[in-house]
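Asker: Using our numbering, you'd call the opening residue of the sequence shown number 1 and step up by one each time.
What the hints contain is simulated information worked out from the structure, not anything from laboratory work. Hints are not guaranteed to be accurate.
[Unchecked claim] Quick list of simulated restraints, FRET-style, between CB atoms:
#1 Lys56 <-> Leu1: 12 to 20 Å
#2 Asn96 <-> Thr3: 30 to 38 Å
#3 Pro12 <-> Val76: 30 to 38 Å
#4 Ile19 <-> Asn88: 15 to 23 Å
#5 Cys26 <-> Lys2: 14 to 22 Å
Here a beta-carbon is modelled for each residue, glycine too, at the ideal position from N, C-alpha and C.
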Amino acid sequence: LKTLSTFLEKSPLVTNSYIFYDAVFCWLLDKSLFPTNNPFVTITNKFVTKFSDIMKSKGWDPLPREYIDIRYKTEVKYGGFTAKILNNGHNMVTENKLNYNRIVSTSNNNHSKLFGRDQDIMFQYKQDAFDCQREGHCGFTLR
Numbered sequence: 001l002k003t004l005s006t007f008l009e010k011s012p013l014v015t016n017s018y019i020f021y022d023a024v025f026c027w028l029l030d031k032s033l034f035p036t037n038n039p040f041v042t043i044t045n046k047f048v049t050k051f052s053d054i055m056k057s058k059g060w061d062p063l064p065r066e067y068i069d070i071r072y073k074t075e076v077k078y079g080g081f082t083a084k085i086l087n088n089g090h091n092m093v094t095e096n097k098l099n100y101n102r103i104v105s106t107s108n109n110n111h112s113k114l115f116g117r118d119q120d121i122m123f124q125y126k127q128d129a130f131d132c133q134r135e136g137h138c139g140f141t142l143r
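Put together the whole structure using the sequences plus the hints.
Answerer: Structure representation (structure tokens):
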């Protein structure tokens, strides 16, 4: 876990708390011991504190509860990562939805809700490391 947190902290591609969280979560997902659903590693409080320290030192925004407090992300096979973030006292989670501009794949959204009525849908991509005016430098996926 120490090697992972150091790698993510130093990576120029990890520029916010979402990317850090998702990288760890995907690592846990990839390494989970399917089909037993036993975690291959248990996330420690020390690791979560390190994540919190990185967030503070880099000035990253907290993770919105709606983004991480999803049933499948709290399953045992993910080593308690989300639960430890939700239950710690390091202000890593916010209830503020004003800064939350992501639609997670498990939200109760479908194509009819998103595209079935006349509305403006604006995709914003704010990332200092990329020039989003140039084709191929930013993007998103709709499934």
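Asker: Let me make sure I understand: some of the numbered hints might not hold for this structure. Which ones are they, in numerical order?
Answerer: Structure breaks no hint.
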